[in-house]
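**Student:** Residue strings, one per chain:
4 protein chains.
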Amino acid sequence: MLTGQEYKDSLKDGRRVYFQGRLVEDLDATPGLAEPLNAVAEGYDKYHSSAPDAVNPVVSGPRSVQELRDRIPELMELDLALNVTYQSLMTLVVAAARMQDSGDGRVPVYIPRINAYVERARRDDIRIVECITDAKGNRSLSPGKQDDPDSYVRVVERRDDGVVIRGAKLHISAAALAHDMMVMPTKTMKPGEEDYAIACAVPVNAPGVHITNTTYHPLHGDPRDYPVSSHHSIPDSMCIFDDVFVPNERVFLDGETEHAAVFAHSLGLWERLGGVSFMVQQADELVGLASLIAEANGIARVQHVREKIDEMMIHATLLRAALEAAIANARSTPEGYFYPDDMYTNVAKYQGAVQFTTMVRHLHDIAGGAVVTAPSMADFDNPTLRPFLDKYMGTGGGISGEYRSKLFHAIRDTTADAYGGWHLVTNIQSGGGLYAQRLVTRRNYDLDRARALALKAAGLSS
Amino acid sequence: MLTGQEYKDSLKDGRRVYFQGRLVEDLDATPGLAEPLNAVAEGYDKYHSSAPDAVNPVVSGPRSVQELRDRIPELMELDLALNVTYQSLMTLVVAAARMQDSGDGRVPVYIPRINAYVERARRDDIRIVECITDAKGNRSLSPGKQDDPDSYVRVVERRDDGVVIRGAKLHISAAALAHDMMVMPTKTMKPGEEDYAIACAVPVNAPGVHITNTTYHPLHGDPRDYPVSSHHSIPDSMCIFDDVFVPNERVFLDGETEHAAVFAHSLGLWERLGGVSFMVQQADELVGLASLIAEANGIARVQHVREKIDEMMIHATLLRAALEAAIANARSTPEGYFYPDDMYTNVAKYQGAVQFTTMVRHLHDIAGGAVVTAPSMADFDNPTLRPFLDKYMGTGGGISGEYRSKLFHAIRDTTADAYGGWHLVTNIQSGGGLYAQRLVTRRNYDLDRARALALKAAGLSS
Amino acid sequence: MLTGQEYKDSLKDGRRVYFQGRLVEDLDATPGLAEPLNAVAEGYDKYHSSAPDAVNPVVSGPRSVQELRDRIPELMELDLALNVTYQSLMTLVVAAARMQDSGDGRVPVYIPRINAYVERARRDDIRIVECITDAKGNRSLSPGKQDDPDSYVRVVERRDDGVVIRGAKLHISAAALAHDMMVMPTKTMKPGEEDYAIACAVPVNAPGVHITNTTYHPLHGDPRDYPVSSHHSIPDSMCIFDDVFVPNERVFLDGETEHAAVFAHSLGLWERLGGVSFMVQQADELVGLASLIAEANGIARVQHVREKIDEMMIHATLLRAALEAAIANARSTPEGYFYPDDMYTNVAKYQGAVQFTTMVRHLHDIAGGAVVTAPSMADFDNPTLRPFLDKYMGTGGGISGEYRSKLFHAIRDTTADAYGGWHLVTNIQSGGGLYAQRLVTRRNYDLDRARALALKAAGLSS
Amino acid sequence: MLTGQEYKDSLKDGRRVYFQGRLVEDLDATPGLAEPLNAVAEGYDKYHSSAPDAVNPVVSGPRSVQELRDRIPELMELDLALNVTYQSLMTLVVAAARMQDSGDGRVPVYIPRINAYVERARRDDIRIVECITDAKGNRSLSPGKQDDPDSYVRVVERRDDGVVIRGAKLHISAAALAHDMMVMPTKTMKPGEEDYAIACAVPVNAPGVHITNTTYHPLHGDPRDYPVSSHHSIPDSMCIFDDVFVPNERVFLDGETEHAAVFAHSLGLWERLGGVSFMVQQADELVGLASLIAEANGIARVQHVREKIDEMMIHATLLRAALEAAIANARSTPEGYFYPDDMYTNVAKYQGAVQFTTMVRHLHDIAGGAVVTAPSMADFDNPTLRPFLDKYMGTGGGISGEYRSKLFHAIRDTTADAYGGWHLVTNIQSGGGLYAQRLVTRRNYDLDRARALALKAAGLSS
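Chains as they are written, first to last, in the working numbering: chain A, 178 to 639; chain B, 178 to 639; chain C, 178 to 639; chain D, 178 to 639.
Derived by calculation from the structure, the hints in this document are not laboratory data. Be aware that a few hints might be false.
Identical chains share a label here; the pair holds if one copy fits it or two copies do between them.
[Said to hold, decoys possible] DSBU-like, lysine-lysine: derived pairs with alpha carbons at most 30 Å apart: (1) Lys364 / Lys322; (2) Lys485 / Lys223; (3) Lys189 / Lys364; (4) Lys367 / Lys313; (5) Lys367 / Lys568; (6) Lys633 / Lys313; (7) Lys223 / Lys568.
In isolation and in its complexed conformation, chain A is listed as follows (with noise of 0.2 Å):
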């Protein structure tokens, strides 16, 4: 296993990333890429064991009901990038034994492959990120009908020890940080799309790997002014495969275009149980906030407050109602491993998803105007305005003008700056936007049952 010095040193290996324009040099020396470069590092060295054949623990699936409840509180601290790269070993693992199920003799070819990177990625405790989103040009047509055919990652030449791809995945985070890429196709593939059902493992410094940066962490201004995004941002990428070599024995899928969904609907089991948690900590920490700020505004007992944070708590219960009934109704794979349902999770998303913009209103509108308006922590320390900071900005019996304002700056940093809008965005946006919520939703739930309660009651049943 790798320290956290080991594993930055591993990622000076000639890897072409980009922030604001320009190649960069050293993501230590960074603004923007070094906090988060150093998080994974944290990861590291908290896992860290020198024993020679040590692997990292958390890079293994729950196997009963009570293990995947357990997990929750551990992945609510993992940093992303091991967070990820446990999600990947596990795709793997689930879909090479989906492929191998439906096995019609050619596709097995991979499932070595698959289980050897697997062992290999363990041993070199390497980070993994997932890479589905392409390009996708014009959203109303298929990959194979674009002005462009790249607009979809696709194999643009076979050779015998491997292929060749071209095109770009989008909204990948921590690409910058990790030492391979898990390509997979961001959905089903039809025939005669064979060039697009391609999953493979591409290293980040391979050449023709192109990684640009974007970021919500703070670059300027004083860090206790964003206290969360300062300690906690991951920059997403554009990851771009400009002809770029991918030797056999990490091609993991090419041309069966009948197993193109076979790695995002694995993913699909993994990933959720860390987006559900999140998003239920998110609305408790949005009752908290709302909580503190009410009662250092002197406002906890007027009543419309208090209803409004009824309705947040409300809100955060109802999410959280779904992680409970996803966990009671765990599923498990042939191969024995649990997974929170589908069903119940995706309508905790898609709940989560349409109902934060209003949380965050109430949380504004119990707060009043300083969310965006509280001076500075700089401010604080200029020894001519602290007097006035603390004299104003405070409320009495207790509360402290910055006690109250390093709330407020709290409040926008998570949620009226740079990283509650990515927030706004990404809550909407992530597993796939509501409509792949709605859909999820349309599938799984009982329609017959439902049907027949109707049928009932209009007198119609047999």
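Guided by the hints, dock chains B, C and D onto chain A, whose structure is given.
**Tutor:** Chains B, C and D in isolation, oriented as in the chain A frame:
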């Protein structure tokens, strides 16, 4: 145990039941009351056993989470009178145990009375209704501050052999069809309000009792136009206590204000499962109706229709998630009875009530104006009209005019007529109204944890 | 002009009107139809003049913005039959002018017919209803693609002296009480659908016409329990045309598909003002009911109650704002008639329909369960019950039980019973449903301006 | 009148302006303050006239409904400092007239002072900001009951030649860029709160004044990634009054609690038009962004996308309807100035604030995750990256990657980053918060009429 006919005979006991301004001579001959009477009688026949010591098996509490879960489909089939009888007896059992626990030397006199009453009620196979909501007068004033001291039921005289009570209880379902009324305080009472801390079992035919009735049962037109409410109505009553004497053996609380709320709280444990289960079922039924009528209208594949049905499914699934979470987190009384978790059932009721009208709007939007203008089933009986109605209410592809009209009647009956209106109101009001559900959430939500999360986000954790 | 009695006599004309499966012999003796018949008769008496050339002054269009505005209170008082007659005649006048404008040599034959018909209708003081909505069959198919070609009203035979039509029109209010039915296409027709491009005036008593009826009029119980619907009901009809001959002088369009939509569009101009005015008034009435019942319940000063009423007032004011904007931006036809702006009236209808159920929920939340369980007014007639009802339904401070019960009945009648259900459905469906309102907005909104603003924001303006 | 450069020079007056904890030496050299400084300077140049008696023509009130309506596009173009200066002077004019009317012999001393000040301000062409919101301490306590008596700005000393004030005003836009601060009470004051009934004009550079600043202006990265906020930012300030002496000629109220609210109320008249006009424009801009990005994503014809844009258009039209209604029902001050109707502007602000987050959610749902992950415009400058970005961010059909990325940056900047967060908060808080808008509606809505309608419905009208 009684047969249905014995039950019906047993109600010819001199009770003063009124309907539409007139004293009811014969329940069985009174449209609007006869139908629910027969439904209760059927419930008697269904569980009847002629064994001498037989008691109704339903009237006992679940002893495990699994028993609790298994109870749901059974509850969905019970007639209301039997369901409430079960709740009443379980309420007494739990209330007795709770008063015992807090025993201060005086209370225990009620315990043997309660136990004897419960045993007798089981043996005699009677039906009992809950009488909780008082007339209340001005809602902003407490019982002792009202213009009229009788706004809450109270003891007006204490004799050696019993008490005399005065007041009225409102919104009492099925009172005219029961043997006993379980009278209990509507809420906590304060010192000085001893006369309002009265719980007792009053025979419906006790001198001084008057029972008015309202109903959504269709009293005109063709029952086929009311496919649900013509079969499943329950009258609601105001139960008036005009100086009614209650003998000591039927008095379960008299003056101990500290115990005033124990009965209503105990009842809460038992009424929830059925209430939330019904809401889930109602939501599923709305989905079913929407799906069937969309299909019958030929618009099942229209995208905005599908999205509305998606939303209805998501709503139904969220409610079911809360029910699942409530059962997965079931709690048990000290006596070993299992009941669903308070907070999850309350958020389900809140969400179900708040969103119900939106779900109904979606259904009406999909169904169209024929919800209220579809021809009567009697019109279909008219030989001149029938061919026209089949022709013009049908939509081709095997959807006959009669089938489609029956769907419209089911939709109108359950959502856009007297019974639908009753749901609009009672979905909000049952269990104490939206405000009560907010309060329960406020009391049960783990606010400390939420605040800790928020303090951590603000960098204010110690 | 006719007196009310002359009007009633004039309907004894052999018409085939059905109610609850039976042919109606005498409208005046048929509960559910007699009451609206009398309301129309009162409308006749109200405007009656015995002057030989007198015509009803209402039946003419506004000639200025001010006249348009002044029309609102008048419309609110008109009986529906007179209101629709006015709309019908104005529709014909405008449709004639529009067909004239687009004259292609053939159409003008209809112009003198229309003018003669309008003059005759005014002189004979008849009542006319609009027949627009067809049976429609499968909503996803156009008229010519239906399993049954009669799913839309069509010409099945053309003779020298007229045409024979077949089909049915649905949701026709007050058809049984009118003299003529103004039949018009429900929408644009395409080439090949000439037989469906038929507009004509059909006497209700023409051979082959059958009129079914449904109503929310209370047919049982005490009219006092239905304070609104027992006075203001209107029956809805399916108007069946079983090969009905229409003489040429009553045919206003036959086959010119390019003009098929002109009648429905012209009608749109005239029905809007009344429709939106009613919605505004309905919203105000809900506010009033909420305010009165909050006061009667003693909770007018409770903060969450005040906020709910605030929201209801804001809703009512937004609707009124849209009505004000529609009048302030009124447009005039080439003929000089003023009608409210399309887009503003449509957003009002959309908002009114979408928010109606939420406003009703607020009202029910404030009012409480007695909306559906308040004693019948007949119960108040019972001398035994009356003192109890006055005592226990009263809330002190001068709020009598009878007064408060009357409020509950008004709330139940308008929002939680048959009439309320009719509103739930028709608020959404009238004027073509939510989808139609969306379409109108889409067509009228200044999207170019909005896009220019956005391009400017993006720095993409040239 | 001043030129832009003269204005900038005039601010070098010893003012104590702080930014990020440091005293600002030179506004023009301080990123985040320099840009809005230049915007104000441009406003000077735009209206500059070298005629000796010239005054800015904008600084006068509309004298008719038409002038009021014509003012809207002008307001949309004004820089904020000029807009607020206009509001301030009109506020003084109207407040003077109102105090005059209620004259009790003492007040009029302020009238000539105000008139002189207004004339001088116009002549000197200064910029004035409004200082209303106090620090407020505990919101549940009135000014006199606070732990700290300075929680509301107050007079701490009265001298012959003026008063000394202490306290702080919050959320003051553009204070650092103005010459004078118009200090006024935040609300009605009661007897005993005379020291808080203080209105006066304080020079920004007066001894004892300290001005902190916060801003959503982008201080890092490429201005092209912030196409709106890099051009249109305004700093918000806390204005601290550390025992500031105000000479008598600048004191416009001192101690007359009965007049304390007259300034804020007068201001309300003038700030509304701009506030609501901006909200309407903002809603239109969101529609435009949604339309453009839907087109750029290739989903403009997808039905659920069209419906979301329909809803956004309906929302924007409802807001515009309220603005239209406010102007159509404009009122005039006794002095003959026209201002938009109170109630309609308030419902517009309420609706705009409450629905804003839903509109933003629709926009994000349509736009997709690239709102937060689109490459920086600097990435487009990189010659290696540019071809890839054009290729993969483009969607065919003439939609280039750069064009589409610019749309994403505009969406992110206005709705999902610092500036968007500022809108989330200030849309709710400006003009006193949602609660204030509710109050205004409550006061202005014709509740008597609504109650009369309800009484009539209940059959309770006399």
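**Student:** Does each hint hold? Answer for all of them.
**Tutor:** Here's how the hints hold up against the structure:
1. Lys364 / Lys322: within (15 Å within a copy, 36 Å between copies)
2. Lys485 / Lys223: This pair counts as neither: shortest intra-copy Cα distance 40 Å, inter-copy 46 Å.
3. Lys189 / Lys364: neither (33 Å within a copy, 62 Å between copies)
4. Lys367 / Lys313: within (16 Å within a copy, 37 Å between copies)
5. Lys367 / Lys568: Classified as between: cross-chain Cα gap 24 Å, same-chain 67 Å, threshold 30 Å.
6. Lys633 / Lys313: between (46 Å within a copy, 27 Å between copies)
7. Lys223 / Lys568: neither (42 Å within a copy, 41 Å between copies)
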